[in-house]
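Student: For the protein sequence lines, the chains are A and B, in the order given. For the first sequence, our numbering assigns the number 54 to the initial residue and increments by one for each residue that follows. For the second sequence, our numbering assigns the number 10 to the initial residue and increments by one for each residue that follows.
These aren't lab readings, by the way, just hints derived from the structure by calculation. Glycine is no exception: its CB is placed at the ideal position from the N, C-alpha and C atoms. Treat the hints with care, since some could be wrong.
Unchecked claim - Derived pair list, reagent style DMTMM-like, types lysine to aspartate or glutamate, alpha-carbon separation capped at 25 Å:
1) A:Lys110 <-> B:Glu14
2) A:Lys110 <-> A:Asp77
3) B:Lys108 <-> A:Glu121
4) A:Lys110 <-> A:Glu131
5) A:Lys64 <-> A:Glu121
6) B:Lys108 <-> A:Glu97
7) B:Lys108 <-> A:Asp139
8) A:Lys110 <-> B:Asp36
As the list claims (entries may be wrong) - Which bits of chain B does chain A cover? Going by a derived footprint, with three or more residues having C-beta under 8 Å, they are:
9) 45 to 52
10) 104 to 114
What the hints assert, rightly or not - Here chain B is said to cover these stretches of chain A; the calculated rule only asks that three of the stretch's residues, wherever they fall, bring their Cβ under 8 Å from a Cβ of chain B:
11) 93 to 103
12) 156 to 165
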Amino acid sequence: DTGVSQNPRHKITKRGQNVTFRCDPISEHNRLYWYRQTLGQGPEFLTYFQNEAQLEKSRLLSDRFSAERPKGSFSTLEIQRTEQGDSAMYLCASTTGGDSGGYTFGSGTRLTVV
Amino acid sequence: GIQVEQSPPDLILQEGANSTLRCNFSDSVNNLQWFHQNPWGQLINLFYIPSGTKQNGRLSATTVATERYSLLYISSSQTTDSGVYFCAVARSTPLVFGKGTRLSVIA
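Excised from the complex, chain A in its bound form (with noise of 0.2 Å):
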């Protein structure tokens, strides 16, 4: 078990571009939670998975934002013609399935557009 794994750890792109980030969870934790964390703020959810299964998306996730979990192992999350807005930095949680449970955080991909 090496905990949850985020990649790139940095990403600098320019506004406009597409950028795509992965999350490869802890693998007995069928749940997997997207965060979004701006400077000074608790992290806000953006989405979450059931195995392979997206069972919900929060109103921060526009629809140049998008999640999959093929085979319900690695996670991606893309974010389309990037604003400068979108600058934040982007977690990964996974859990054991059920509501109850402790959530392990990945590291991170702190995205800056410029």
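Could you slot chain B onto chain A? The hints should help.
Tutor: Showing chain B alone in chain A's frame:
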């Protein structure tokens, strides 16, 4: 949705001092967790504590679910305790985070 308020927003302590961080929430929950975010951004899960009291070394936490608050106690603080402490709650998935308490422990 559930509202989460944390206090104080900022706290400065001398090394060795004790502190209490508070988390109030607006609705009944079945999931409450405390996290520490270190200066590099890593969120570390400290406690899963929807009710009752738990202790882990110098840290302990108490949640009084019927009164909708939780407390995190840090004793004999060390410089490595610096960072932001978040409380997060949920009735069901997903967790909703407060804005955190920024703790600075000075030697």
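Student: Any hints from earlier that this structure breaks? Give me their numbers in increasing order, please.
Tutor: 3
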